[in-house]
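K.L.:
Sequence order for the protein chains is P and U. What the first sequence shows, in the numbering used here, is residues 13 to 335, in sequence order. What the second sequence shows, in the numbering used here, is residues 13 to 335, in sequence order.
A portion of the hints provided could be inaccurate.
It does not matter which identical chain is used: a pair holds within one copy or between any two.
[To be verified] With a cut-off of at most 20 Å between alpha-carbon atoms, the simulated DMTMM-like pairs for lysine to aspartate or glutamate come out as follows:
no.	residue 1	residue 2
1	K150	E322
2	K225	E174
3	K267	D297
4	K64	E25
5	K157	D297
6	K269	E288
7	K239	E59
8	K105	E328
9	K157	E322
10	K150	E289
11	K193	E154
12	K302	E317
Derived from the structure by calculation, the hints contain no laboratory data.
2 protein chains.
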Amino acid sequence: MKNKILEKLKQSEDFISGQEISKELHMTRAAIWKYINILREDGYNIESVPSKGYRLVSLPDILSYEEIKEYLKTDFMGRSIYYFNSIDSTNKKAKEIAQDEQEGTVIIAEEQTAGKGRMGRSWVSPKGKGIWMSLILKPTMEPMKVPKLTLIGAAAVHKALENMKIKAQVKWPNDILIDGKKICGILTEMSGELNMVNYVIMGIGINVNLDEKDIPDQLKDKATSLKISTGKEINRKELTANILNEFEKLYISFKEKDQMNEVLKICRENSILLGEEVKIIRGNDVRIGKAIDINENGELLIKFEGDKVESIIAGEVSLRGND
Amino acid sequence: MKNKILEKLKQSEDFISGQEISKELHMTRAAIWKYINILREDGYNIESVPSKGYRLVSLPDILSYEEIKEYLKTDFMGRSIYYFNSIDSTNKKAKEIAQDEQEGTVIIAEEQTAGKGRMGRSWVSPKGKGIWMSLILKPTMEPMKVPKLTLIGAAAVHKALENMKIKAQVKWPNDILIDGKKICGILTEMSGELNMVNYVIMGIGINVNLDEKDIPDQLKDKATSLKISTGKEINRKELTANILNEFEKLYISFKEKDQMNEVLKICRENSILLGEEVKIIRGNDVRIGKAIDINENGELLIKFEGDKVESIIAGEVSLRGND
Chain P
13 MKNKILEKLK
23 QSEDFISGQE
33 ISKELHMTRA
43 AIWKYINILR
53 EDGYNIESVP
63 SKGYRLVSLP
73 DILSYEEIKE
83 YLKTDFMGRS
93 IYYFNSIDST
103 NKKAKEIAQD
113 EQEGTVIIAE
123 EQTAGKGRMG
133 RSWVSPKGKG
143 IWMSLILKPT
153 MEPMKVPKLT
163 LIGAAAVHKA
173 LENMKIKAQV
183 KWPNDILIDG
193 KKICGILTEM
203 SGELNMVNYV
213 IMGIGINVNL
223 DEKDIPDQLK
233 DKATSLKIST
243 GKEINRKELT
253 ANILNEFEKL
263 YISFKEKDQM
273 NEVLKICREN
283 SILLGEEVKI
293 IRGNDVRIGK
303 AIDINENGEL
313 LIKFEGDKVE
323 SIIAGEVSLR
333 GND
Chain U
13 MKNKILEKLK
23 QSEDFISGQE
33 ISKELHMTRA
43 AIWKYINILR
53 EDGYNIESVP
63 SKGYRLVSLP
73 DILSYEEIKE
83 YLKTDFMGRS
93 IYYFNSIDST
103 NKKAKEIAQD
113 EQEGTVIIAE
123 EQTAGKGRMG
133 RSWVSPKGKG
143 IWMSLILKPT
153 MEPMKVPKLT
163 LIGAAAVHKA
173 LENMKIKAQV
183 KWPNDILIDG
193 KKICGILTEM
203 SGELNMVNYV
213 IMGIGINVNL
223 DEKDIPDQLK
233 DKATSLKIST
243 GKEINRKELT
253 ANILNEFEKL
263 YISFKEKDQM
273 NEVLKICREN
283 SILLGEEVKI
293 IRGNDVRIGK
303 AIDINENGEL
313 LIKFEGDKVE
323 SIIAGEVSLR
333 GND
């Protein structure tokens, strides 16, 4: 009902009377007043003038379904959104509900109090400044092929940024960088049997409008935000929807036609690793090689001394000289 | 407190007076009476004679920690047990609590109302007649190596049966058979990142004392129970503990020394597939080949026409001619 009143307000250029809303939605004036106040608490700036009624003055900068849907062109991605003002971790929440939810369900929070990065690391997720979301996917595939999904996520984020005229680079397999600093990380988690995925959770964290002060000192040389790097505020709603739009297109190609061409093209052409000397870290084992390609399986091909080429599924790879 | 009273009763050959229990455990006679009744509800047959006190007449056939611990020789496997009279699925419960529990925690239920087999199939789990349990494991390993754990489980069950003089066969990767019919299935599920396992749930279902009538008609030619095949009731407590004992030994060798020798020996020597022509089913693709070995990674090696050898991680393999 709250959303129906919001729709009415959004449709009216000017004031809309309580009487009119009351008549069209079959509710009392008191009930309307109650929902208007809930909308105000959500951040909607609603003017009320006794003789005229209600007028929507401005929309809040929040990532609820009501706010992103005008940009959304998807069939199923993001058509069911669990939206939180604050949460411990969107991936954690997604894992709790994944078994019972449909593919394409998305968890979005304005803030994560215990955001997760890969390998149990933490992810700084200050309130209202980023896109902290987790996608629930249910592909029929073997666990070994899951790394491909991470690349689809990276390609979708890259393309969404490009749509908004922001130039970024892909660091295989799960980061997006601008000027060599991270603005997006993807954490893919899965649950499955040995030869069958139950579900995949793809956490996507994007530093959108973080200011310098929002980035911890020890991360300042490794991480940045879209606002810091472009010098302007970015529309989070539009970017969120854009990512979901691009993701759905690439994901459908993959699911229905096992087609990864565009994903690989994006990841290869905008790669920060390909052609470079890289360090590959596995436990205590550190090796140096040259990243030469990303293969059809989404694996990174590394050429080691003696021209021996190995493929890597996932792991710690960094440009030589960097950490 | 209930368990302390149970200990006292177990230690006494004859009657033990309420007064003595009261004094040693610092509790009122009324409280003792309350716990005695709870123990009776759990299935303990406790005689009470006003002038003499309490006497434990017989133990219930249940798989609580209190009942299996006398057979348990483990350090961590099964040292924390969640025991249920009835549950939907032990694997489901294990997945719910795995993140917060320690390695070696076991979920055991007398009955599963929605027991799960592989690939979303159901598993018949009638009350008090089988061992329906799930082990929570937290190995530091890559998801690709998880298939090895299933073999450790299969080897542990096989060895536990052998300890109890029951001859069985292993059907790679996750079934134990007697006379060609299934008496045990293992369902390994995992949660993890691309290159790191968070946890593994190993569901082990064993048809112990099921009678012919407990086995659905459509499964009678494929499944049996230990009782049906050996002609006698099997001690479920002893078998449960035996499996955990054997599992822990094999698992520690694997974790600490990456040692799979004994597991592979058991799975190879008692394999029902090796040396046989088998059908390999993947989706709609059915192929015939000869199972020739299980390699160090726990994969099944199949020799196809033209002597081409392929390794299989997990999947649908059956003896040619069988389903």
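K.L.:
Give a verdict on every hint.
P.N.:
Quick rundown of the hints versus the structure:
| no. | hint | verdict |
| --- | --- | --- |
| 1 | K150 <-> E322 | neither (30 Å within a copy, 28 Å between copies) |
| 2 | K225 <-> E174 | neither (26 Å within a copy, 65 Å between copies) |
| 3 | K267 <-> D297 | between (36 Å within a copy, 18 Å between copies) |
| 4 | K64 <-> E25 | within (13 Å within a copy, 89 Å between copies) |
| 5 | K157 <-> D297 | between (25 Å within a copy, 18 Å between copies) |
| 6 | K269 <-> E288 | neither (32 Å within a copy, 36 Å between copies) |
| 7 | K239 <-> E59 | neither (31 Å within a copy, 77 Å between copies) |
| 8 | K105 <-> E328 | neither (26 Å within a copy, 33 Å between copies) |
| 9 | K157 <-> E322 | both (17 Å within a copy, 18 Å between copies) |
| 10 | K150 <-> E289 | neither (36 Å within a copy, 34 Å between copies) |
| 11 | K193 <-> E154 | neither (33 Å within a copy, 28 Å between copies) |
| 12 | K302 <-> E317 | within (9 Å within a copy, 39 Å between copies) |
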